[in-house]
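Those protein sequence lines, which keep their order, are chains Z and P. Positions 1 to 112 (my numbering) are the ones given, in order, by the first sequence. Positions 1 to 110 (my numbering) are the ones given, in order, by the second sequence.
To be clear, the hints were calculated from the coordinates, so they are not data collected in a lab. In this text, a Cβ means the ideal position worked out from N, Cα and C, and glycines have one as well. Among the hints, a few may not be true.
[Claimed, not checked] Covered stretches of chain P, as calculated for chain Z (at least 3 residues, CB under 8 angstroms):
1. 61-75
2. 98-110
[What the hints assert, rightly or not] Derived DSS-like pairs: lysine-lysine, alpha-carbon spacing no greater than 30 angstroms straight-line:
3. P:K109 / Z:K82
4. Z:K9 / Z:K19
5. Z:K70 / P:K56
6. P:K38 / Z:K41
7. Z:K3 / P:K38
8. Z:K40 / P:K38
9. Z:K82 / Z:K19
10. Z:K3 / Z:K19
11. P:K109 / Z:K70
12. Z:K7 / P:K105
13. Z:K70 / Z:K53
14. P:K109 / P:K38
15. Z:K40 / Z:K82
16. Z:K3 / Z:K41
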Amino acid sequence: DPKIIQKPKYLVAVTGSEKILICEQYLGHNAMYWYRQSAKKPLEFMFSYSYQKLMDNQTASSRFQPQSSKKNHLDLQITALKPDDSATYFCASSQDRQNTLYFGAGTRLSVL
Amino acid sequence: SQLAEENLWALSVHEGESVTVNCSYKTSITALQWYRQKSGEGPAQLILIRSNEREKRNGRLRATLDTSSQSSSLSITATRCEDTAVYFCATGGSNAKLTFGKGTKLSVKS
Numbered sequence: 001d002p003k004i005i006q007k008p009k010y011l012v013a014v015t016g017s018e019k020i021l022i023c024e025q026y027l028g029h030n031a032m033y034w035y036r037q038s039a040k041k042p043l044e045f046m047f048s049y050s051y052q053k054l055m056d057n058q059t060a061s062s063r064f065q066p067q068s069s070k071k072n073h074l075d076l077q078i079t080a081l082k083p084d085d086s087a088t089y090f091c092a093s094s095q096d097r098q099n100t101l102y103f104g105a106g107t108r109l110s111v112l
Numbered sequence: 001s002q003l004a005e006e007n008l009w010a011l012s013v014h015e016g017e018s019v020t021v022n023c024s025y026k027t028s029i030t031a032l033q034w035y036r037q038k039s040g041e042g043p044a045q046l047i048l049i050r051s052n053e054r055e056k057r058n059g060r061l062r063a064t065l066d067t068s069s070q071s072s073s074l075s076i077t078a079t080r081c082e083d084t085a086v087y088f089c090a091t092g093g094s095n096a097k098l099t100f101g102k103g104t105k106l107s108v109k110s
């Protein structure tokens, strides 16, 4: 059974709309992250959370907002979607912000 | 920033052969990791090698680290079709903020 669940697996959106990417982890980790992987760039760090608090934000745009309603949840809200936002978004977790990350299978977002 | 980069975009080998993927990085590091990403999946860590280590093994996998030349290699022996994947090296900062290379696509043919 997957220990990090990302929903949906595929997502198609129109430019200007808003979407929420869901992530739940069942590894008992207290740190969670979002990474982005696009055709043009390598896997990129976006956010890190520890005990539901934002620790690091490498995303220049405020259109990307992580939301942590529970310790094992870290959703990603993206507003005013643009075609350049098209990418696969990976949620990851780790224990105590150690360097070994466990990744989910990703949500592939296409913005038309 | 710690930039990691694999040296080849793609490699192809036949089952049973050995293969090595190389990576170079900039600036000093505390550790370097190798990840594998199979099609449709997220990356999965293979080996973490710390800056005071020269070699680390995990089954058929062997990673080396040369801090003087700022390079690392990942060798896979007795390759199998299921080793087909993209292999990344990654260097880490605080908060598990890893910097990944673009990856080397390995194809293992039967």
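Checked hints:
Coverage of a stretch by a chain is defined here by at least three residues with a beta carbon nearer than 8 angstroms to that chain's beta carbons; for the stretch 61-75 of chain P and chain Z the count is 0, and the condition is violated. Taking a C-beta to C-beta cut-off of 8 angstroms, the stretch 98-110 of chain P contributes 6 residues in contact with chain Z, enough for the three needed, and the coverage statement holds. Only pairs whose Cα atoms come within 30 angstroms are accepted, and K109 (chain P) paired with K82 (chain Z) is rejected, the gap being roughly 39 angstroms. Restraint check for K9 (chain Z) and K19 (chain Z): the C-alpha separation of about 13 angstroms stays at or below 30 angstroms, so the hint holds.
Note on K70 (chain Z) and K56 (chain P): the hinted pairing is violated, with a Cα-Cα distance of about 37 angstroms set against a maximum of 30 angstroms. A hinted pair counts as satisfied when its Cα atoms are at most 30 angstroms apart, and K38 (chain P) with K41 (chain Z) qualifies at roughly 18 angstroms. Among the hinted pairs, K3 (chain Z) with K38 (chain P) is consistent with the structure: their alpha-carbon atoms are about 17 angstroms apart, no more than 30 angstroms. The straight-line distance between the Cα atoms of K40 (chain Z) and K38 (chain P) is roughly 18 angstroms, inside the 30 angstroms bound, and the hint therefore holds.
Proximity of K82 (chain Z) to K19 (chain Z) is assessed by CA-CA distance (about 11 angstroms); at most 30 angstroms being required, the pair is judged to hold. Between K3 (chain Z) and K19 (chain Z) the CA atoms are separated by roughly 23 angstroms; this keeps the pair inside 30 angstroms, and the hint holds. Annotation: proposed proximity of K109 (chain P) to K70 (chain Z) is violated, straight-line Cα distance about 44 angstroms (limit 30 angstroms). Simply put, K7 (chain Z) and K105 (chain P) have alpha-carbon atoms about 27 angstroms apart, close enough for the 30 angstroms limit, and the pair holds.
Note on K70 (chain Z) and K53 (chain Z): the hinted pairing holds, with a Cα-Cα distance of about 11 angstroms set against a maximum of 30 angstroms. Restraint check for K109 (chain P) and K38 (chain P): satisfied, since their Cα atoms lie roughly 15 angstroms apart, inside the 30 angstroms limit. Note on K40 (chain Z) and K82 (chain Z): the hinted pairing holds, with a Cα-Cα distance of about 15 angstroms set against a maximum of 30 angstroms. Note on K3 (chain Z) and K41 (chain Z): the hinted pairing holds, with a Cα-Cα distance of about 27 angstroms set against a maximum of 30 angstroms.
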